[in-house]
Amino acid sequence: MPPSDAAASVPPILQDETARLRRAVEELSVLNDLARTISASLDPQEVMDVIIRRSLRAVQAEQGVITMVEQQSADPLKTLVRAMNSTKEHEHLRPTQNLLGWMHLNKKPMLLNSPRTDPRFQGVEWSSSMQSVICVPLMIKSELKGVLTVYNKRGNGGFTDDDQRVLAIIAAQSAHVIENARLNEHEKQFLKMQEELRLAYKIQMDLLPGEAPSIPGYDVAAKTIPAQLVGGDYFDFIQARENTLAVCVGDVSGKGLPAALLMANTQATLRGQALVAGSVTECITRSNTLMYQSTSAEKFVTLFYGVLDYQNHVLVSSNAGHEHPYHFSTAEQPTKLEKGGTALGMLDSFPYEEEKVRLAVGDVVVMFSDGITEAMDDKRAQFGAERLETVIRQHRELSAAALIGKIIEAVQWHSGLAPQADDMTLLVIRRIG
Amino acid sequence: MGIRTSTLDSGIALVEAAGSLVGGDETDKLRQSIAGFLDRQYQKLVIDLSGVTYMNSTAIGVLVQGHTSYTRKGWKVVLCGINKNIDSIFVITKLTLVFDVKDSRDQAIKSLS
Chain A
1 MPPSDAAASV
11 PPILQDETAR
21 LRRAVEELSV
31 LNDLARTISA
41 SLDPQEVMDV
51 IIRRSLRAVQ
61 AEQGVITMVE
71 QQSADPLKTL
81 VRAMNSTKEH
91 EHLRPTQNLL
101 GWMHLNKKPM
111 LLNSPRTDPR
121 FQGVEWSSSM
131 QSVICVPLMI
141 KSELKGVLTV
151 YNKRGNGGFT
161 DDDQRVLAII
171 AAQSAHVIEN
181 ARLNEHEKQF
191 LKMQEELRLA
201 YKIQMDLLPG
211 EAPSIPGYDV
221 AAKTIPAQLV
231 GGDYFDFIQA
241 RENTLAVCVG
251 DVSGKGLPAA
261 LLMANTQATL
271 RGQALVAGSV
281 TECITRSNTL
291 MYQSTSAEKF
301 VTLFYGVLDY
311 QNHVLVSSNA
321 GHEHPYHFST
331 AEQPTKLEKG
341 GTALGMLDSF
351 PYEEEKVRLA
361 VGDVVVMFSD
371 GITEAMDDKR
381 AQFGAERLET
391 VIRQHRELSA
401 AALIGKIIEA
411 VQWHSGLAPQ
421 ADDMTLLVIR
431 RIG
Chain B
1001 MGIRTSTLDS
1011 GIALVEAAGS
1021 LVGGDETDKL
1031 RQSIAGFLDR
1041 QYQKLVIDLS
1051 GVTYMNSTAI
1061 GVLVQGHTSY
1071 TRKGWKVVLC
1081 GINKNIDSIF
1091 VITKLTLVFD
1101 VKDSRDQAIK
1111 SLS
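From first to last, the protein sequence lines stand for chains A and B. According to my numbering, the first sequence is numbered sequentially starting from 1. According to my numbering, the second sequence is numbered sequentially starting from 1001.
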């Protein structure tokens, strides 16, 4: 520092003391400034920006970088986030593996004014625009969470010990703040995701019918028990034509918002086609093509679709890749309604088939989703089709709603304490008159 | 465990899947492997599922997408190794009517030669 005239008369010891105090005041004001500014924001990016800018000003450096290390990753030196602030149009410098490696090992501040001749970094190639550098660790407890690096002291000469000290103080304050900001960010993202899933779930549930329609001579009931936040069982009742009731049970691929949208698409498509198609085959064939065109091949819906003519007591159905419903009649064994084709929305066109069954008084048709048959206990044993058949056989005299209740009871008894992994859906049609 | 890819001298690409395919990393890898072979113009692909212990609808979707991409170009993909653990999903979804399925890898390779 060039001596001023006024300072010539002050004893050196006082000059030193004054200089020291002045520095201390400067440091405190930097910290105060920093604390005020960053307490106003919890956005990690903003926080790091402020820290870097204040650091550059405090030590008169050209560029600064904060490098956070990702503790969970296999490579502890991986740069997670970088913030840069350069006041010149220069090549952006960032700490090399050598610098970060040294910091990781030593966990203390490092000042490098002659990088090319420093014995600690022999043989290392430095970027041509790098003249001087200070690195300080951002520590929380004794863990290295990141590194604050500043480059190229303005003016002549390199960085001073004072500069290093100031930065170390800033770093000590900053580590916690950055960490809090990051944790806050994670939490915000998590909450946002939860909210999105909740919304998707609500959309899906709102699409499902509230109760089964009542039609003469038949007892119809349906129930779905969703597994939270996992999509996408679908069922519907469509009264498109006189004396007919279309019923369907399906399972939408994927989960979350995409599944909710796909379900809405499915319902709209089917309801539209149910009105205009001349037959079940036509309805399903067209719906398939429409859905294929509006979604990627990866998105599809398995669906059992049946149209009950309740005046003539005939059920015409087509099964598009869904679990095979049971038809219990007076015969010893139930039959399964399998005819149809592959899931909707997978292939551009498919030759779907249909089948027709007559329903006598007392006949029961049970449609279900794979959440019923694939329900697992804690030993991963599935409930299975055989058990389902047994339960239906046992309780087929009950009302449709009561039969559904018995099936669900049996599944839940089987699953025991194991959590419900998938939506469970049942739709039962019983001819009573 | 996981997904392995290889190519045969005859120019046939092979994807071997193992473990549980339920829409996580392994399913992503399966998707990427198929897409990779498609990009690199391997017109004949065998997907061996003998090591797969469980598949859900997302994994099925990946196979279907792969099948569609291949057949759209007039190229061929054959599945093999549909074991007891996973055959029910293929039966229910009737995809056995759609995919070209062979019992063993040898048969699959032979059918493409």
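For the record, the hints were derived by calculation from the structure and aren't laboratory data. Every residue, glycine too, gets a C-beta built ideally from N, C-alpha and C. Don't take each hint at face value.
Claimed, not checked - Ranges between beta-carbon positions, derived for each pair:
1) A:E282 - B:S1050: 35 to 45 Å
2) A:K339 - B:S1050: 47 to 57 Å
3) B:V1022 - A:A401: 49 to 59 Å
4) B:S1050 - A:T330: 53 to 63 Å
5) B:S1111 - A:G123: 40 to 50 Å
6) B:V1022 - A:M205: 16 to 26 Å
7) A:E282 - B:G1074: 25 to 35 Å
8) A:V124 - B:G1002: 49 to 59 Å
9) A:E187 - B:R1040: 22 to 32 Å
10) A:V124 - B:G1074: 14 to 24 Å
11) B:G1019 - A:E185: 29 to 39 Å
12) A:A402 - B:Y1054: 26 to 36 Å
13) A:E332 - B:G1019: 56 to 66 Å
14) A:S114 - B:R1040: 27 to 37 Å
Unchecked claim - Far from chain B, by Cβ distances over 12 Å, these chain A residues were calculated:
15) K108
16) G123
17) E179
18) E195
19) K202
20) V252
21) K299
22) V301
23) H324
24) T342
25) D348
26) V361
27) T373
28) Q382
Between the beta carbons of V1022 of chain B and M205 of chain A, is the distance compatible with 16 to 26 Å?
24 Å, holds
Would the non-interface assignment of Q382 of chain A survive a Cβ cutoff of 12 Å against chain B?
Answer for Q382 of chain A: violated, closest chain B Cβ roughly 10 Å.
A range of 49 to 59 Å was offered for this pair. Does it hold for the Cβ distance of V124 of chain A and G1002 of chain B?
38 Å, violated
D348 of chain A and chain B, when compared Cβ to Cβ, separated by more than 12 Å:
Violated, because the least Cβ-Cβ distance between D348 of chain A and chain B comes to about 8 Å, which does not exceed 12 Å.
Say whether it holds or is violated: V252 of chain A keeps its Cβ farther than 12 Å from all Cβ of chain B.
At roughly 8 Å from the nearest Cβ of chain B, V252 of chain A sits no farther out than 12 Å, so the non-interface label is violated.
Confirm or reject: G123 of chain A is not an interface residue toward chain B, with every Cβ-Cβ distance exceeding 12 Å.
Answer for G123 of chain A: holds, closest chain B Cβ roughly 39 Å.
Are all beta-carbon distances from E179 of chain A to chain B longer than 12 Å?
Non-interface label on E179 of chain A holds, nearest chain B Cβ at 28 Å vs cutoff 12 Å.
Please check whether the beta-carbon of H324 of chain A is more than 12 Å away from every beta-carbon in chain B.
7 Å, violated
Find the nearest Cβ of chain B to the Cβ of V301 of chain A and say whether that gap is larger than 12 Å.
Given that some Cβ of chain B is not farther than 12 Å from that of V301 of chain A, nearest at about 9 Å, it is violated.
At the C-beta level, are E332 of chain A and G1019 of chain B separated by a distance inside 56 to 66 Å?
41 Å, violated
So does E187 of chain A sit 22 to 32 Å from R1040 of chain B, Cβ to Cβ?
42 Å, violated
Supplied distance hint 40 to 50 Å, evaluated on CB atoms of S1111 of chain B and G123 of chain A:
About 59 Å separates the Cβ atoms of S1111 of chain B and G123 of chain A, which means 40 to 50 Å is violated.
Going through the hint list in order, the structure does not satisfy hints 2, 3, 4, 5, 8, 9, 10, 13, 14, 20, 21, 22, 23, 24, 25, 27, 28.
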